[in-house]
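Chemist: Okay, here's what each chain looks like letter by letter:
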Amino acid sequence: MRRTLLILRRDLRLALRQGSDSFAAVMFFVMAVALFPFGVGPEPNMLARIGSGILWVTALMASMLALERLFQNDYDDGSLELLALAPLPLEAVVIAKIAAHWIATALPLIAAAPVLALLLHAPAEILAPLALALLLGTPTISLLGAVGAALIIGSRRGGVLLSLLVLPLAIPVLIFGVGAVEAALMGLPARPYFLVLAAFLLAALPLCPWAAAAAIRQALE
Amino acid sequence: MTRFTGDDVACVRGERTVFFGLSFQLGAGELLLLTGPNGSGKSTLLRLMAGLSRPIGGRIQWDGEDIAAEPERHRSRLQYVGHADAVKPQLSVKENLGFWASLARDGVSPGAAIEDALAAFGMEALRDMPSRFLSAGQRRRLALARILVAPAALWLLDEPAASLDDAAVQALDHALQSHGANGGIAVVSTHIGLAGETATRARVLDLTPARARPVVGTLA
Amino acid sequence: MTPFQAFLSMGGYAGYVWPSFAIAALALGALLFASLRSRKATAAELDALETQAGEEASET
Amino acid sequence: MPWLQRSTLGLIAAGLTLGLFLSPPDYQQGDSVRIMYVHVPAAWMALFCYTAMAGASAAALVWRHALAHVAARATAPIGASFTFIALASGSLWGKPMWGTWWVWDARLTSMLVLFFLYLGYIVLAGAFDDRERAQKSAAVLAIVGFVNVPIIKFSVDWWNTLHQPASVLKIDGPSIDPSMLAPLLLMAIGFATYYFWVLAIRMQDEIMAGKIRALRLRRAESEAGDRSS
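Residue numbers (the working numbering), protein chains in the order written: chain S, 1 to 221; chain F, 1001 to 1220; chain L, 2001 to 2060; chain Y, 3001 to 3229.
Hints are not guaranteed to be accurate.
In the EDC-like style, the derived pairs of lysine to aspartate or glutamate whose C-alpha atoms are separated by at most 16 Å in a straight line are [unchecked claim]:
(1) F:LYS1094 <-> F:ASP1128
(2) Y:LYS3211 <-> Y:GLU3132
(3) F:LYS1094 <-> F:ASP1116
(4) L:LYS2040 <-> Y:GLU3206
(5) Y:LYS3211 <-> L:GLU2045
(6) Y:LYS3153 <-> Y:GLU3206
(7) F:LYS1094 <-> F:GLU1115
(8) Y:LYS3211 <-> L:ASP2047
(9) Y:LYS3095 <-> Y:ASP3105
(10) Y:LYS3211 <-> L:GLU2050
(11) F:LYS1094 <-> F:GLU1124
Only some residues are given here: those of chain F computed to face chain S with a beta carbon under 10 Å [what the hints assert, rightly or not]:
(12) PHE1020
(13) SER1053
(14) GLY1057
For the record, the hints were derived by calculation from the structure and aren't laboratory data. Quick reminder that beta carbons are idealized off the backbone N, C-alpha and C, glycines included.
The shape of chain S in the complex, shown without the other chains (with noise of 0.2 Å):
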């Protein structure tokens, strides 16, 4: 446990000193969503009917632009080789990276989510059932997402196809996410999509970091 927290740290401090990936994300995210109205048109109860949807499916894309080089600049320095040779399973080394990545880039994300969703016009009851959708989904999205990176160390078309693979899993996520906020909205109760997000997540906290630690043992043969 100490190694995989040692590992974390050092991931987050990279994400830090260096923060280009999880800035951009987090910038893709606020620019996306915002050229929606000019989509739609900027007429308010359009949105606010919208709105949600318009935040779960950019939050999505900005989690993918984020994950695709997750593994391949340690794949690149060589080192991804050494943590896969260091004395603690590879599972506890991807979830250690994931839970950095999450920290680094979906913090910032859920932070600015209900920011946003003013923008489009939500009412101010869908903020916090919002955020805790999201805070229950983009793990799961993260795992997901890790396995797609694993799968893709060393491809030639990376991020394109890292989107291709992993969009159409996380679809479950997002119908649950969208609707736990839609049901927020109309007054009904949320809980039982905010326990389908949790199962979804419970169910990729083992399954996900074995099918990547899978995946990078194969790339690394």
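Guided by the hints, dock chains F, L and Y onto chain S, whose structure is given.
Modeler: Below, chains F, L and Y without anything else, positioned relative to chain S:
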């Protein structure tokens, strides 16, 4: 007493049989030099010995136990230096080395070990320098310093002397000698001869003849 | 409206029934044709290489 | 191989004659129900091929069996074609019933996602220079994708009931009476034999390509060997 053995090891990469029928026996304190032209499988053999990949045929054993049986235990007894230096430009020399030191060691503060390792390769003056300013030789010395920060019974070094100046090669020689003196085993691949005393007492495994022709029609 | 024309009109749904069968035939046909052609080309290339390797073996 | 070819053509011909000529039109949908004889078998085959692909990939990774990789990779385009046919015929069937080309019906939507999973596999399999890396990477994706198919189906069904458009008729129409079942089964088995037929062709192609690469490698090395000796 031989501790690190490989018998009839065979490896295929892509559709090419890199080598087959390759065996070695190494006892405590011994050093094995891998020679042969590029692409003859030196790096591949080192990666097999480290457990990064599994051989198609044959077995690699440590104290009689197949290294694939207990991968984590095998990983904790070895230090591996590949072609790449695994140095993060945004971190300082001390931070880079400190990370790998505390990762390898069991909790005891690595402070002293880091200083000795830096001193061994003449890097102590650059302790707080961000690594992006390091030259290729300095980065290589930092990568080599990593093998000194934690006790390891087995060193696997892939062309360690690449881009090293004479002083650094001396330091590497010295490190290899003291590693051998206290019973450590080292396997070093190099296509330029290692100077100094190490070369004389080392056993040599030339991979050129063992390189096999690809078997027509294999699908592996 | 001869029986044949009645059959063709598919009870007024001709515009939907025939295209769906056509698309199926086209997709499966194209995949089959592409696979056959690729196999033939690979076989030819293999023969050429093998005969060439054979000649070299006999020369040395 | 030739018997595969004959049985495929025979089965599909029989299925078509029964489906288009002899079976009765549906009392509600009229003759548009005949699209079912293409749509339903294609949908079945789309799922069958993905399962076969995931199974072969698992076998290839667990037992390191190269032929299983070749089988999985050869299956992908066939499965993708069946999914495309299912989507196209589903849309053509939906038009007379719901008046629009595309309906976010639960089954059609899941089929669309399955199509993306196929595309992801095919693109990933082609994204590496080193063939072995491509095979193993795609194999892991096939397994991860396969595990997700039921989850996606569950979520899409839930999502579909949530935003239930007033779709009167479900895509597979009324309960199938025997005269319609025969052509449906004939077409389904015909599609299955088609799959094994084209699979055999593509696998032979891949195996020969493997031999070509081996010969090329040997030539390159013997040339290098001659130069250095």
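Chemist: Taking the hints in turn, state whether each one holds.
Modeler: These are the hints, each one checked on the structure:
no.: 1; hint: F:LYS1094 <-> F:ASP1128; in the structure: 6 Å, holds
no.: 2; hint: Y:LYS3211 <-> Y:GLU3132; in the structure: 14 Å, holds
no.: 3; hint: F:LYS1094 <-> F:ASP1116; in the structure: 12 Å, holds
no.: 4; hint: L:LYS2040 <-> Y:GLU3206; in the structure: 12 Å, holds
no.: 5; hint: Y:LYS3211 <-> L:GLU2045; in the structure: 10 Å, holds
no.: 6; hint: Y:LYS3153 <-> Y:GLU3206; in the structure: 33 Å, violated
no.: 7; hint: F:LYS1094 <-> F:GLU1115; in the structure: 9 Å, holds
no.: 8; hint: Y:LYS3211 <-> L:ASP2047; in the structure: 10 Å, holds
no.: 9; hint: Y:LYS3095 <-> Y:ASP3105; in the structure: 12 Å, holds
no.: 10; hint: Y:LYS3211 <-> L:GLU2050; in the structure: 10 Å, holds
no.: 11; hint: F:LYS1094 <-> F:GLU1124; in the structure: 9 Å, holds
no.: 12; hint: PHE1020; in the structure: 17 Å, violated
no.: 13; hint: SER1053; in the structure: 4 Å, holds
no.: 14; hint: GLY1057; in the structure: 16 Å, violated
When the structure is compared with the earlier hints, violations turn up for hints 6, 12, 14 and for no others.
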